[in-house]
Amino acid sequence: MTDRLPLPFGSRIKRDAPVRARFDGRELPALEGDTVASALVASGQWVISRSFKYHRPRGPLTMAGHDANTLVQTPAAPNRLADELPIAEYPDTTAQNVSGSLMADRNAIIDWFGRFLPVGFYYRAFYKPFGVWHWWERMIRKAAGLGVANLSATPHYQDKQYLFCDVAVVGAGPAGLSAALQAAEGGASVLLIDEQPELGGSLSYHRFAIDNEAVRSEAETLIASVASHPRIKVLTHALCNGWFTDHYLPVIQGDRMFKVRAKSCVLATGSSEQHVVFRNNDLPGVVLCSALERLLNHYAVAPQGELVVLAGNDQAWLTAFTAAEAGLSVAAVVDLRDAPEDGALLAEARARGITVHMAATVYNARRDSRSQSLCGIDIYQIDAQGEVGNLIAEYDCAVLAMSAGFMPAYQLACQAGAKLDYDDDRAAFTLTGLPAGLLVAGSVNSMDSLDAVLVDGRNAARAALRCIDMTADEDEPIICAAQVNHPWPIFPHPKGREFVDFDEDLQIKDIVNATRLGYRDVQLVKRYSTVGMGPSQGRHSALPTARLVAQATARSVSETGVTTARPPVKPEALGHIAGRRFHPHRHTAIADRHDAAGAQWMPAGLWGRPAFYGEPNHKQRCVAEEVMAVRTGVGVIDVSTLGGIELRGPDAAEFMNRFYTYGFLKQPVGRTRYAVLVSEQGVVIDDGVAARLAEDHFYATATTGGVDRVYREMLRWNAQWRLSVDIANVTAAFSAINIAGPDSRAVLESLGCSIELSAEAFPYLGCREGDVAGIPSRLMRVGFVGELGYELHVPSLFAAGLWDAIIEAGAQWHIKPFGVEAQRLLRLEKGHIIVGQDTDGMTHPGEVGLDWAMNRTKTDFVGRRSVDILAASAPIRQLVGFSLDLTAPKPLEGHLVIKDGDIVGNVTSCEISPTLNQIIGLAYAHPDDANPGDHIAIRTEGGALVQARVEALPFYDPGNARQAL
Amino acid sequence: MSLRSPLEGCGVIEGPRGLLLRDLSLARRGGVRGAGAREWLLSQGHTSPDAPNQIVASSESGFVMSLSHREFWLLQPVGEASTGRPASEAVASGVWPLYCQHSHAWLQLAGEPRAEVMAKLCGVDLSDAAFPLGSVAQTQAARVSVIMAAHQDENDQPVFSMFVDQSLARYLWEAIEDAMAEFI
Chain H
1 MTDRLPLPFG SRIKRDAPVR ARFDGRELPA LEGDTVASAL VASGQWVISR SFKYHRPRGP
61 LTMAGHDANT LVQTPAAPNR LADELPIAEY PDTTAQNVSG SLMADRNAII DWFGRFLPVG
121 FYYRAFYKPF GVWHWWERMI RKAAGLGVAN LSATPHYQDK QYLFCDVAVV GAGPAGLSAA
181 LQAAEGGASV LLIDEQPELG GSLSYHRFAI DNEAVRSEAE TLIASVASHP RIKVLTHALC
241 NGWFTDHYLP VIQGDRMFKV RAKSCVLATG SSEQHVVFRN NDLPGVVLCS ALERLLNHYA
301 VAPQGELVVL AGNDQAWLTA FTAAEAGLSV AAVVDLRDAP EDGALLAEAR ARGITVHMAA
361 TVYNARRDSR SQSLCGIDIY QIDAQGEVGN LIAEYDCAVL AMSAGFMPAY QLACQAGAKL
421 DYDDDRAAFT LTGLPAGLLV AGSVNSMDSL DAVLVDGRNA ARAALRCIDM TADEDEPIIC
481 AAQVNHPWPI FPHPKGREFV DFDEDLQIKD IVNATRLGYR DVQLVKRYST VGMGPSQGRH
541 SALPTARLVA QATARSVSET GVTTARPPVK PEALGHIAGR RFHPHRHTAI ADRHDAAGAQ
601 WMPAGLWGRP AFYGEPNHKQ RCVAEEVMAV RTGVGVIDVS TLGGIELRGP DAAEFMNRFY
661 TYGFLKQPVG RTRYAVLVSE QGVVIDDGVA ARLAEDHFYA TATTGGVDRV YREMLRWNAQ
721 WRLSVDIANV TAAFSAINIA GPDSRAVLES LGCSIELSAE AFPYLGCREG DVAGIPSRLM
781 RVGFVGELGY ELHVPSLFAA GLWDAIIEAG AQWHIKPFGV EAQRLLRLEK GHIIVGQDTD
841 GMTHPGEVGL DWAMNRTKTD FVGRRSVDIL AASAPIRQLV GFSLDLTAPK PLEGHLVIKD
901 GDIVGNVTSC EISPTLNQII GLAYAHPDDA NPGDHIAIRT EGGALVQARV EALPFYDPGN
961 ARQAL
Chain W
1 MSLRSPLEGC GVIEGPRGLL LRDLSLARRG GVRGAGAREW LLSQGHTSPD APNQIVASSE
61 SGFVMSLSHR EFWLLQPVGE ASTGRPASEA VASGVWPLYC QHSHAWLQLA GEPRAEVMAK
121 LCGVDLSDAA FPLGSVAQTQ AARVSVIMAA HQDENDQPVF SMFVDQSLAR YLWEAIEDAM
181 AEFI
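Protein chains in written order, with the numbering used here: chain H, 1 to 965; chain W, 1 to 184.
No lab work stands behind these hints: they were computed from the structure.
Nothing here was measured: the structure is a model prediction, and the numbers come from that model.
Just so you know, nobody snuck in bad clues.
For the chain H half of the interface with chain W, some residues (derived, Cβ under 10 Å), not all of them:
1. Asp159
2. Ser189
3. Arg256
4. Ala694
5. Ile775
6. Gly801
Negatives, chain W to chain H, calculated, CB over 12 Å:
7. Glu14
8. Pro16
9. Arg22
10. Glu39
11. Ser43
12. Gly45
13. Thr47
14. Gln54
15. Val56
16. Ala57
17. Gly62
18. His69
We put the CB at the ideal spot given by N, CA and C, even for glycine.
Here chain W stands alone, though its shape is the one from the complex (with noise of 0.2 Å):
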């Protein structure tokens, strides 16, 4: 059975100066949350930020995006989504798997106005010298709960990458989409 992204049927939105919005919801990603999952992550072989709220590439090609001390997600934009049984027992002891594949969606923003763009739906200062690449802001964007995340992408451009409730997916990209229309 295959998967379907909330953003299905979206496309992209492109425009000048790099602008580019697209979907990311059925890249893989998953996450660990617990006491030791630090620890376990870098049992792994995975890198780990050092502090909440940063994002670091990872030994596979992937990022690791902290949360909190206890909280990490990994993310493989160009990795598919398991059409298996999302994990639910502990991988180790006090370290519970996430749901984040499934909970929410993934939306990535790229191009040199990025930061404008967020700026008329987002009150933290996104510009390049107050977020710069690796910083991770849980916040609101159009009255929704957000996680922004400062990282290169595959091409190693700046990006921003957003991860919101899945439900609200749909709502949260009209309303970039609306944001973006200035500047294309």
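Chain H extracted, bound-state conformation (with noise of 0.2 Å):
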């Protein structure tokens, strides 16, 4: 085990809880706590990854999940962030993207022909010839792999659960918990928000001050008082990953995205530390002060070898003292500066034996062959802008710790809508035009001394109550001076290698080669160049691109700007956006005695239905008995998805006969009518059986997919209408049941029926209210499948036992249920329509033989305009019945209808018919060929052409005998 620092040191790790890891096959000892990469280099390793494009060994950079260059592989997925990945969690990690080993990346030569691959190469050098770039995508893809996909890997659970709150504070650092604080205490229910495993932010690992005692205490009790709030809820480990209008948050922890709703927002998000720009500062060794501050405060890691700081502002100078208090051997402090804003500094650098540098910088960093780590730096001194002079000093030192300031986490800001501008006087970019109710708190508000980031804090949530109306309390003063950023921490190399993007490989050359070609906007510099669109969306490259970009173009950084941002924040897992997945799914009432029969089930709609009873290999067989049971005896079926709307009072006729296009005003009380609905344009849209139960009361079906949209015509028109009628949608009220078949009368009188069932007292077409087997129901007597037969609609509760009591009661007459295959064969067999299958969304009456059911003694229905135009126009096709004998290739639904080498129509329909003994279908077919005894050519599976017989309809039963039995 490596020693690790004393308390107290190490914040995040249970020191008596070690873990036995392993990283590429290596043991890897480590602590509760830790993460891959603390315990890596807890071990002594720095090298963690290849870079993406030349190879280059790799370390951290942030130690906060920031950085692409920590990626590795688990077992279960790639591209997983080292310094955020608990090892405990993920006690199994590898290298990814490394040909050999990660010490012995073949690959790593591309590094030496790097001059070859400049930016923008891919499309330069690989699209001529023609279509040759498809044989180099394979192998440059396969090159730029990132990571192996498990794909055998099981999906885990994964879901969304909605949260709200009056204030949503995103980032839990000194401005957030003060915004918090200051929220909760107006009276806010707050939610807090931060992606790493504690609060605190900068709080928990950062020095403020030369004596941090004082602020160690503030902040301890700042987050005892946070924590303890009844108002305020904390999220951690939590990634706010975007910002929605309304402030609508999609915030990830673990494997659950939570959807905010808050009522406003405040953005204290902090900044990205932001490294200098000098030959090999990717080298693993070479990280930013925060990382090394939280190697030390998070994880108790004290690395091995010197340390040197290479400072751009006062802050870095507390890193140095910090790790010389940890022990580490601090060698120097280098300055980009002329001198420190705090003259104290030096003084203590001094007092600490410290080696002072000012106006310089590192120029060169040197790789150690073996570690293939940082192993030494070259110090020069600045002469002018970007210009380096004299060599100055150098040091075999194994870290160089590194802060040129910080750029605002902007992202969420300016997902919002909120704007850049580049303050010359402090280097810094500010955020201007936020939305209503979003709040900007702490460094990402460009707040950088800690009493301002508090004060800030208290602020934002201020004026995020006075959007919510929940407080009219004024601000704080603030005043903020301090200088974070250095103008221009960018040194150019006459060797390059000088990183602007980590995760690209991006060096100067490659952004200003860029401008060169004449990508002066700097959105065109992040498409030519891929520069920010990496994992590390900009967070470092962003600020030195848009500098570079402004230099290059002789422009103002904030007339350059950067990028778009856009969510999300940080690469999200694809199951987090799915989450759980909701698929409702509708059952009839009568669903498990289905099951129990031996259903074989198929989708309509929402809805499952029995396709047929019996094992599905012999679904043939199935469906031609349960036919030929209701063609001889009797078979019963549950039709309970068919629609049902009510329409009662004293207009209710009215409407129907305005609705529909038959008439229905002098429909009789007890008579059931067929009813199609026709759209404004003409196109039969939908049919049923409109029943009369009363003289103000109808009883309309509808198909199952179209009953939503018949209920919500129905409404839409008597808004207009304003006719006294209540519509009421009671599909789900009633289940229905249908018993067919020569037996179906014999069937329903034993079962104890209070109707008179005879043909004279009941007639075809007839509906009657009753009970059957002492359940109250609605008959209807309809013909769909063209045998006598009982439509029953009764309370769904009741539709189980009076399933159970047909049964059982049909048992003697060998009662059948069939399903909804067979159902569509005998309405084949009896060439009855299915709207939505045999018409389409151009389909008018005529064309499917409906004039019958057009009134047009009647003023006006629905459509009438426009179906009284159709009818007086040429006709263009004309749905026919076909057969064909039973040796001929079975025309499939789609298959089409040709004539002399035109499309002239389609089958929409195509069955063998067991009653028939033949194949039956209906089709679309030219006008011409539309009477019986004409053949059509139907195209067949394979091209083949069929003549088709076109027959007069229907196939089965021409004088509607049995039906009316």
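Assembly of the complex is requested from the two constituent chains, each provided in isolation within its own frame, with the hints serving as guidance.
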């Protein structure tokens, strides 16, 4: 076990909880609370990954999950960040994007040929000759692979949850803590979100003053107040990955995405520390100051070897002092400036025996060939902006901590429409133009001293409360004059390798060359060079890129700006977006009876319906048996999915008369009528049966898939007509069972029926209300399948009881349940159309033989004008019945009808009829070929044309005697 | 002939902190709709909410829930559903009975974390502060239409009553059961 620093260092680790872990197959000693990266550095290994393009060795830069240098592979997924991956949960990780091993990557040779791989070389090198790109693409994609997706990994449970609050505070650093506390004290419910595992943000690792004790004490008090406040809900380890209108925030925590609805929102997202751009600034061992502070304070890891601090601000000096107190050998502080703002820092450094170099920079870093990490640096005097003079010192250091300044974590704010303006005096971007109810606080708002940050947090909370009328308090005065950004921490080297963007291996010359090729706009520079496109999303590259583009194009940094920020802020798994999948499915009240009877299910919209009963591999035989049962005996089918709409009131008949095509004013009570609905364009959109139960009461059925539309249209029309009618969708309230076949009357009679069932008393198309088997029922004599039949509509809670009674009573007639497949075949034999299957978005009544259902004696009906216009036009197609011998290839639905080489229609239904012993179907044909005895050519599977005979409809029982028995 | 709940066999689901999901689909309920529905309710001795989307205790140990200015449901959690023919004729001029006994299943969720459970399914803030007793929301849960009502049960404990198309009842039950899992 590697030694760790004593307390108070190591706030995240449990020293008495060792973890057995492996990295790249090697034993890796670790402690609970470690990340993979902290355990690796603790063991003396800086190298964690290889860079995307040149395969250069890379180590942690931020230790906060904000860079791509720590991408590793877990058994389940690639591209996980080692500096945020808890090693206790992920004890087995490996390097990725290597050929060979991490320390001996064969692809590292690409680094030697880097000069032949300039920015944009993909676009310029691999497109000639035409088509060759497809050959190159495979190679390039393989070389640029980032880990391996485990396609056999078992998906784990991921879900979503709504959260609601008055004020959402994103970021639990000092600004976020003070904002949350102020808002909660003002009476608001507060949601505090932070991606790190603890509250405090920089308070948990950063030193704010030479003597930090007072800050530490104040931080503990603040954190305790927030954690114990009853109106503050804290989400740590939670990433707010986007901002959407009205403060709708997706927040990812573990396997859950919270959908946060906040009335107002405070962004206290902090800022990203910036690196200095010099040769080999990407070597493992070169880290940001904050990364070193996190290693020390969070993980008690003291990197081995000498440390040099490269400072662009006063804060970096404090890092040096913390490191010295942790026992590191701090060789020097190299400051880019002429002098620190706080003169006490110089005295403190001298007192600690730390060498100081002012107005100097690291110009070159050297790599140890064995460890492939930093082994030394060369210090040069700065002569002018970006220019160096003489070599003034060399250090054989193993660690270089740097800080060139800070860039506001602007992503969420800019997603909300904020603008970034560059302040030349402070050499920093500031945010303006935030939408109402969205505030920024702390370092994201360019507040850098702790006192100012705390006040800024409180002020942001007050503003947030004012937006939702929860306070009228005025802001506290606030001043922050700290200068934390160096204006030009960029030092080109003749040999290059000064990295601006670590993710994409982009150097100074790559950015400058892009501008020389004409890509002057930073958005174009991004697209051409890919700067900012990596996992870091420009956190560290946006500011130096803006400066370089501004200089190269002779513009200001404000004019240059940064590229657009879009969600997500950090990469997220598709599983988080998908969440728990909700697939609503509807079951009739009899579904379990169908299961017990061996139903094979088929979807009908959200409904599940029995397709047939029996073994799946005997479908055709099962369907034929069901058909024959209906034709020769009795069958029963659950038709509860049919839509049901009740129309009650004095104007019910008038409404029906206007809405449907047929006449309903004179429809007698106790009779049903076929009800066709056409759109205002004259297209057939639904059909059903309308039963008149009383003078002021109609019960209309609609198709399974069409009832919602029909109901909606009814409400829409009556909003205009204002007739006195109550319209109710009662689809769920009534279940329906159809008993069909010559023996259906006998079965009903044996059930005990309070209605006289004889043909004379209850003729075809009649409807009655009564009790069947003691169950209140509505009965309709219908003939959809072409046999004597009764449709029983009963309140749904009775449905299962009625079904059981029918099956029991029908046993002596060998009653057989039949499914949708048999029903469709039976109705096809009878020549009945199914709206939606035999009609399409252009079908008008005349084309499908429904002219008889258009009542032209009444004043009007919905779609009447269009129907008349279409009827007066020359027909272009006609739905016809056709037949084929069983030896012919069976056409499928959708197969085309061809005439003289042109498409004139298509097959809409086609089945093998066991009753007629031939293939029968419906198809749209040319009007010239629509008479019985004509022939139509159907192009079947494989392109073969078959000549089908046009038949008179219906195919079965043309006199309709059987349904009227 | 007995009635059968669409949730027959689902039993109840219990968890800590009073968490309880139960099926009340066979409890008595009815409804009326129409321009004179409120007046008719009052004439029958019922209490009527002042505005849509409210639920109030009625004089018959049940509740009256308003879904609009002209639609009211009468709920009796401890009453048994009628096995007779549902009325379809107007109860008064322009006031029509509803078939909510058969059209909608009735689920009831009790317990301290009930709002947290539903937050995994429903986009409406159902916390006590935002959705106090007496509130009704006609919304969606788990992508299906649901009427949510906050009231007290027979033991004076706060509960959510949920009314969903009976054909979707089992689906919603399973979705809530899944959402409850982390609390059990």
